[in-house]
Amino acid sequence: MGRLESEMPRQRPEEKDVAGHPRAADKGSSDVIISIRDLHKSFGGHEVLKGVNLDVEVGSTVVILGVSGSGKSVLMKHVIGLLRPDSGDVFVDGRSLSRTDEHGLQEVRRGFGMVFQTAALFDSMSVYGNVSFPLREHFRKMPESEIRERVSEKLAILGLSGHEDKFPGELSGGMRKRVGLARAVIMEPKIVLYDEPTTGLDPITTDDVDNMIMQAREALQVTSVVISHDIRSAFKVATKLAVLYDGRIVAEGQPEEIANHPHPHVRKFVGTHFHGS
Amino acid sequence: MAKPSASEAPKREPLAGVLLGGPRRSLEKLGSQTIRVVSELGEMVSLLLFAMLWLVRPPYRLRNHLAMMEFVGVGSLFIVVLTGTFTGMVFAAQSMYAFGLFGADALVGPTVTLALTRELAPVLTGLMVTGRAGSAVATELGTMRVSEQIDALKTMAVNPVQYLVAPRVLAGIVMVPILTVVFTVVGVLGAYLVTVVWGGQASGTFIEQTRYYVDAYDILSGVIKGAVFGMLIFLIACYKGYNAAGGAKGVGQATTQAVVVASITIFVVDYLLTIMLLL
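Just so you know, the sequences run in chain order A and B.
Residue numbers for the first sequence follow this note's numbering, beginning at 489 and rising by one.
Residue numbers for the second sequence follow this note's numbering, beginning at -14 and rising by one.
Same shape as in the complex, but just chain A (with noise of 0.2 Å):
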């Protein structure tokens, strides 16, 4: 990480927490994939980032929680770069994506899987020619025995096996979501990212989604980011939270320090869940 430490901010814009609680990247996490920076995002006068600092380390699941309209997707784009940020920076694997351009971004996103709340699935491609996709984009020589044998395993993990022939109109929303990871972990990427993956699901498909989300993260070594607003899935599936409001990310950390947070956001945000008010 000598290459992610030479181009980072030599001050930290922020070293504390809204609450006053030492940054999780200070506690001496050393393999940090993910760096966001001093991150500052607005639309048409509307701040929406006012200064995001989140640190996400190899081979965990960061949830980043937020209520609607917080910005959470705004965070994640620009993760991957589908945004520019007006000030700040998101260092990936050391490598700066402001200084970034677009074809270097191409590269980039390379090592990323994406699963968008939608499922984004292509309507025109079988649950197969979704999954083969990437595959087929990337490694234009791959033979098809190869292609199959790949997506074949995927969607065995996934519990897929036998889909392969359906279109997605043809699926229940967990099974998309499931269509969505085996197409993002094709490519076997170190970082994948969920957009609100349990939105919208019934408690029995959430589930589901919960255990595929670490069952990637065990079976595939993945690190994952996960964004959402579903408190009782976050904490199932998370290694480390935390909580953006107002623009600020107001506390990070394990699941239980975040469930005893001082801050009167996070109490009253995590406490629908756990002391039912």
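Since the hints were made in silico from the structure, they are not lab data.
In this text, a Cβ means the ideal position worked out from N, Cα and C, and glycines have one as well.
It is possible that part of the hints are untrue.
What the hints assert, rightly or not - Cross-link-like lysine to aspartate or glutamate pairs, in silico, DMTMM-like; alpha carbons within 25 Å at most:
1) B:LYS234 to A:GLU684
2) A:LYS678 to A:ASP653
3) A:LYS724 to A:ASP690
4) A:LYS724 to A:GLU706
5) A:LYS678 to B:ASP136
6) B:LYS234 to A:GLU658
7) A:LYS654 to B:GLU133
8) A:LYS565 to B:ASP136
9) A:LYS565 to B:GLU28
10) A:LYS654 to B:ASP136
11) A:LYS724 to A:ASP695
12) A:LYS756 to A:GLU535
13) B:LYS234 to B:ASP136
14) A:LYS654 to A:ASP695
15) A:LYS538 to A:ASP526
16) A:LYS565 to B:GLU104
17) A:LYS565 to A:GLU590
18) A:LYS678 to B:GLU133
19) A:LYS678 to A:GLU658
20) A:LYS724 to A:ASP698
21) B:LYS234 to B:GLU104
22) B:LYS234 to A:ASP611
To be verified - Computed from the model, here is a short list of chain A residues facing chain B with C-beta under 10 Å:
23) LYS565
24) LEU593
25) GLN594
26) VAL596
27) ARG598
28) GLY601
29) GLY668
30) THR687
Position chain B against the provided structure of chain A, taking the given hints into account.
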């Protein structure tokens, strides 16, 4: 009744402000719309340049290009043949009547053929392709935009302009001129049917007069117009679809705008091209 004091009286806008307020607002509206149109034009030119640039850069998705050409060309063939045939037939029938008034029936063949090659074939083919394929492209890309499929392409390190826009614009440039020629051929055949087979004109008159007055440049001008219209139709359709926002309503609006803007553009550009090609 006590008069309100100066501080209580409602503040009145100065007379000059009242008189100039309306025109000023109209000017502001006109200005903002002009800025929007110029900005959109700039973005379209930029999209076209990027699409052309990505065409010559690997990876070359030949199958993708062929599929789009089939969609635009083969898919539009039936309506182009149908409209071409009837356009030629109607134009021949009207020309026979008009030329018959002063005994110039022999000019029906060349008149219809010249009109078809130079104007009717490229313009009507363009309008047909806009209605069938242009609207479909705007809807498809719009749906992909609002359902995050375009974002998904980006996250998979696939350039959406190269993957989605470039093949569609190229298919327009290649296939619309071919469809224009088809329109011309079936239109002339329709005219032949009405003039010679049903109208009783000598076949030799129709063919010889047409050969005498129509040359290769007339056909070429139609082909050039077809290529330009093809490029514009799919550039506009891709731009509108690519920038759709706001769910199903936004996709509907994008499609409507694509069809309206492309249709108007065809007429305006047709006039400009006609002037240029006549010089």
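Quick rundown of the hints versus the structure:
| no. | hint | verdict |
| --- | --- | --- |
| 1 | B:LYS234 to A:GLU684 | holds (24 Å) |
| 2 | A:LYS678 to A:ASP653 | violated (28 Å) |
| 3 | A:LYS724 to A:ASP690 | holds (16 Å) |
| 4 | A:LYS724 to A:GLU706 | holds (14 Å) |
| 5 | A:LYS678 to B:ASP136 | holds (19 Å) |
| 6 | B:LYS234 to A:GLU658 | holds (24 Å) |
| 7 | A:LYS654 to B:GLU133 | holds (20 Å) |
| 8 | A:LYS565 to B:ASP136 | holds (9 Å) |
| 9 | A:LYS565 to B:GLU28 | holds (22 Å) |
| 10 | A:LYS654 to B:ASP136 | holds (23 Å) |
| 11 | A:LYS724 to A:ASP695 | holds (9 Å) |
| 12 | A:LYS756 to A:GLU535 | holds (23 Å) |
| 13 | B:LYS234 to B:ASP136 | holds (20 Å) |
| 14 | A:LYS654 to A:ASP695 | holds (23 Å) |
| 15 | A:LYS538 to A:ASP526 | holds (8 Å) |
| 16 | A:LYS565 to B:GLU104 | violated (48 Å) |
| 17 | A:LYS565 to A:GLU590 | holds (14 Å) |
| 18 | A:LYS678 to B:GLU133 | holds (22 Å) |
| 19 | A:LYS678 to A:GLU658 | violated (30 Å) |
| 20 | A:LYS724 to A:ASP698 | holds (7 Å) |
| 21 | B:LYS234 to B:GLU104 | violated (35 Å) |
| 22 | B:LYS234 to A:ASP611 | holds (19 Å) |
| 23 | LYS565 | holds (8 Å) |
| 24 | LEU593 | holds (8 Å) |
| 25 | GLN594 | holds (4 Å) |
| 26 | VAL596 | holds (8 Å) |
| 27 | ARG598 | holds (5 Å) |
| 28 | GLY601 | holds (8 Å) |
| 29 | GLY668 | holds (8 Å) |
| 30 | THR687 | violated (13 Å) |
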